[in-house]
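Taking the hints into account, I'd like the entire structure generated from these sequences.
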Amino acid sequence: MADQKKSSFISVFLNGLITENPTFTLMLGMCPTLGVTTAAMNGVSMGLATTFVLVCSNLFISLLRNIIPDKVRIPAYIVVIASFVTMIDLFMQAFLPELRAVLGTYIQLIVVNCIIFARAESFAAKNPPLLSIADGLGMGLGFTCSITLLSMVRELFGSGSIFGLRIMPEGYLPMAIMNQVPGGFITLGLMMILVNVIKKYASARKEEKLA
Amino acid sequence: MSTWLVIIIGQILVNNYVMCQFFGICPFLGVSKKVDTALGMGLAVTFVITIASFVTWLVQYYILEPLNLVYLQTIAFILVIAVLVQVVESALKKLSPSLYQALGVYLPLITTNCVVLAVAVNNITDGYNLLQATLCGCCSALGFTLALLILAGIRERMELSNMPKWMQGFPGALIMSGLMAIAFMGFGGLI
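Read top to bottom, the protein sequences are chains H and D. If you count the first sequence from 1, position 51 lands on 51 in this note's numbering, and the numbers rise without skipping. If you count the second sequence from 1, position 105 lands on 105 in this note's numbering, and the numbers rise without skipping.
By construction, these hints were calculated from the structure, which means they are not laboratory data. As the structure is a computational prediction, the values presented were derived from the model and not from experiment. Hints may contain errors.
Straight line, CA to CA, 25 angstroms or less: simulated DSS-like cross-link-like pairs of lysine-lysine [stated by the list, open to error]: (1) H:200 with D:165; (2) H:71 with D:94; (3) D:165 with H:206; (4) H:126 with H:71; (5) D:165 with H:199.
Here you go:
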């Protein structure tokens, strides 16, 4: 029994991290994905802030799932999510004011991040607390990984560095467009193509193995 | 007079929320497959944002500030928006069934459209007065509608063209949006 519980915990976690990766498979939470990913550090911190909110809101919504009446569930979820967002917002204003200034409104906008809403509605409202935490962790870290990856690519070409460390040679002329809106769209589009190609290759190999 | 003109042109073209600031990308990519649905979504968003900018401004200056509750801004605003969307939905159902038929499906989606909250918060940070805030909301929503309509028009044509398989769907739409954003950068020097 304990073993079974553990394995389902891990499979839910991995599901969020890889199989149903929120950015590349579910296409959720696009605004922060594109908005803050000009430097790798911003990507990581945005991802971690979202993960915190996601885990906490999943836990509380799962605990309250039998109490909240079905008709008012959406406002109820919003209040739960907004409370945690306010907490992380105040925390960042107090302890990490510089980072808060860079991320700006996007921290407040975690409230309307569709990943959190979608997970509350489709997972936490139907599953026990422990599994919901696993789902929140998996989805949150999946989101963190993909936006960190995206921001690393954009920082590398846009400023010639990763996490502030200079990578490109001296003579490299930074591509300013990577730090602006078009660069975000195009980089994400190209990465999605890459993910699609890898997926196709993987599933073809799986079929080959089965055959 | 010039302030008003700056707000109108600024919100629709120069600081377009979708193309220049990365807000509202989810509905932008999600409901831009057909021009009709894009127009419906755009109208519904315009309707809600205009009212929401008005109401959230009042909430900020007549409820939150006098009571020293500014730190509850996020919760208060998102609740106002959620309630507003519900009210608009029920009101439309009663008052104008035909309009409800056209916009009904898009209304619940607007709660999680980040343009609405972003506009409300930015109105306060930019220190607009009530009329400016409402105008700014309306124009931002029109800018959103414009971007949505352009992408929907392009995507309708892309369906018919012969694209490599791995580029169909979202990757193609994303790269297209990137090219559109480059075009919108050209408005940069307008103000």
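Checked hints:
{"no.": "1", "hint": "H:200 with D:165", "verdict": "11 angstroms, holds"}
{"no.": "2", "hint": "H:71 with D:94", "verdict": "20 angstroms, holds"}
{"no.": "3", "hint": "D:165 with H:206", "verdict": "20 angstroms, holds"}
{"no.": "4", "hint": "H:126 with H:71", "verdict": "15 angstroms, holds"}
{"no.": "5", "hint": "D:165 with H:199", "verdict": "13 angstroms, holds"}
Checked against the numbered hints above, the structure violates none of them.
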